[in-house]
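Kindly produce the complete structure, drawing on both the sequences and the hints.
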Amino acid sequence: YTTFQEQLGEGDEPVFEQESFISFKEIVPTIDNKEILPNSVQHNVPAWTLFAIFFIVVPLSINIVKEKSQGTHVRLITNPVPYAIVIAGKTATYLVICIIQFYLMVAVGVFLFPHIGLPALDISGKLFLMSIVAVFAGLAAVGYGILLGTLAKTQEQSAPFGATSVVILAAMGGVWIPVFAMPKIMQFFAHISPMNWGLNAFYDVLLRNGGILEILPDISLLFLFFIITVTIAIAYDKKKRAV
33 YTTFQEQLGE
43 GDEPVFEQES
53 FISFKEIVPT
63 IDNKEILPNS
73 VQHNVPAWTL
83 FAIFFIVVPL
93 SINIVKEKSQ
103 GTHVRLITNP
113 VPYAIVIAGK
123 TATYLVICII
133 QFYLMVAVGV
143 FLFPHIGLPA
153 LDISGKLFLM
163 SIVAVFAGLA
173 AVGYGILLGT
183 LAKTQEQSAP
193 FGATSVVILA
203 AMGGVWIPVF
213 AMPKIMQFFA
223 HISPMNWGLN
233 AFYDVLLRNG
243 GILEILPDIS
253 LLFLFFIITV
263 TIAIAYDKKK
273 RAV
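Residue numbers (this note's numbering): 33 to 275.
No lab work stands behind these hints: they were computed from the structure.
Each hint should be verified, as a subset may be incorrect.
[What the hints assert, rightly or not] Beta-carbon label-pair distances, calculated as ranges:
| # | residue 1 | residue 2 | range |
| --- | --- | --- | --- |
| 1 | Q219 | T104 | 41 to 47 Å |
| 2 | S197 | I132 | 18 to 24 Å |
| 3 | T104 | G243 | 42 to 48 Å |
| 4 | T125 | T186 | 20 to 26 Å |
| 5 | G157 | I132 | 19 to 25 Å |
| 6 | V140 | Q189 | 31 to 37 Å |
| 7 | L256 | L144 | 49 to 55 Å |
| 8 | A152 | I209 | 21 to 27 Å |
The structure presented is a predicted model; accordingly, all values stated were derived computationally and were not measured.
C-beta atoms are modelled at their ideal positions from N, C-alpha and C, and glycine is treated no differently.
See below:
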């Protein structure tokens, strides 16, 4: 290396004689002050949980389209309450379903995986923060479903588009293939997927021993996505009724 550096470099001291080129800090999860190695379960359970949560888009959008076609939507908006209250009721209902899905997936990781030869998902001291991430991921999914159901005119539009778009967001967001293994261009597009925000928040909790401050940027993006989608849905519905 010294000869190689002398032939190609003009520095006084060979670069290869330096003790280190970069410095880094490795963050390793611990249990009872003992380091543990990350495993595939810590990726797969959060990833497929988000995938399941976002598939709430399909039944939610279909339900909204069905309400419009059957006239139920007209009766709802004639109630003496703001339309935002109706949206809030739908949000609360479908958010509960998302949370149930989350806990079922966690239960599979904790109790079922060890019986089929996989590592058990360790959630000791992490379930509360994981639940917070699941709530905001559920809000993002519900918001997207409300927007899609509001824009679609038929169930034939909402169902295929909802399912296809969720699959695309999952592929982009790192649910199937970790983002670091993607090409550079796909890593860039991964950052616009809500599933990637949720997945990063789960990683902060499970792999990096992160707290509420560490997951705050990602859950804020999920909440902002929910606000934007619901606002667009309400504005579009109001404009359509005014015509």
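Right, here's what the structure says about each hint:
1. Q219 with T104: 41 to 47 Å: Cβ of Q219 to Cβ of T104: about 44 Å, so the range 41 to 47 Å holds.
2. S197 with I132: 18 to 24 Å: This hint holds: roughly 23 Å between Cβ atoms.
3. T104 with G243: 42 to 48 Å: Given a distance of about 44 Å, which is inside 42 to 48 Å, the answer is holds.
4. T125 with T186: 20 to 26 Å: holds, 23 Å
5. G157 with I132: 19 to 25 Å: Holds - the Cβ-Cβ distance for G157 and I132, about 22 Å, lies within 19 to 25 Å.
6. V140 with Q189: 31 to 37 Å: Roughly 33 Å apart at Cβ, these two residues keep to the hinted range, so it holds.
7. L256 with L144: 49 to 55 Å: Since L256 and L144 have Cβ atoms about 35 Å apart, the given range 49 to 55 Å is violated.
8. A152 with I209: 21 to 27 Å: At 24 Å between Cβs, range holds.
This entry does not satisfy hint 7, going by the numbered hints stated previously; all others are met.
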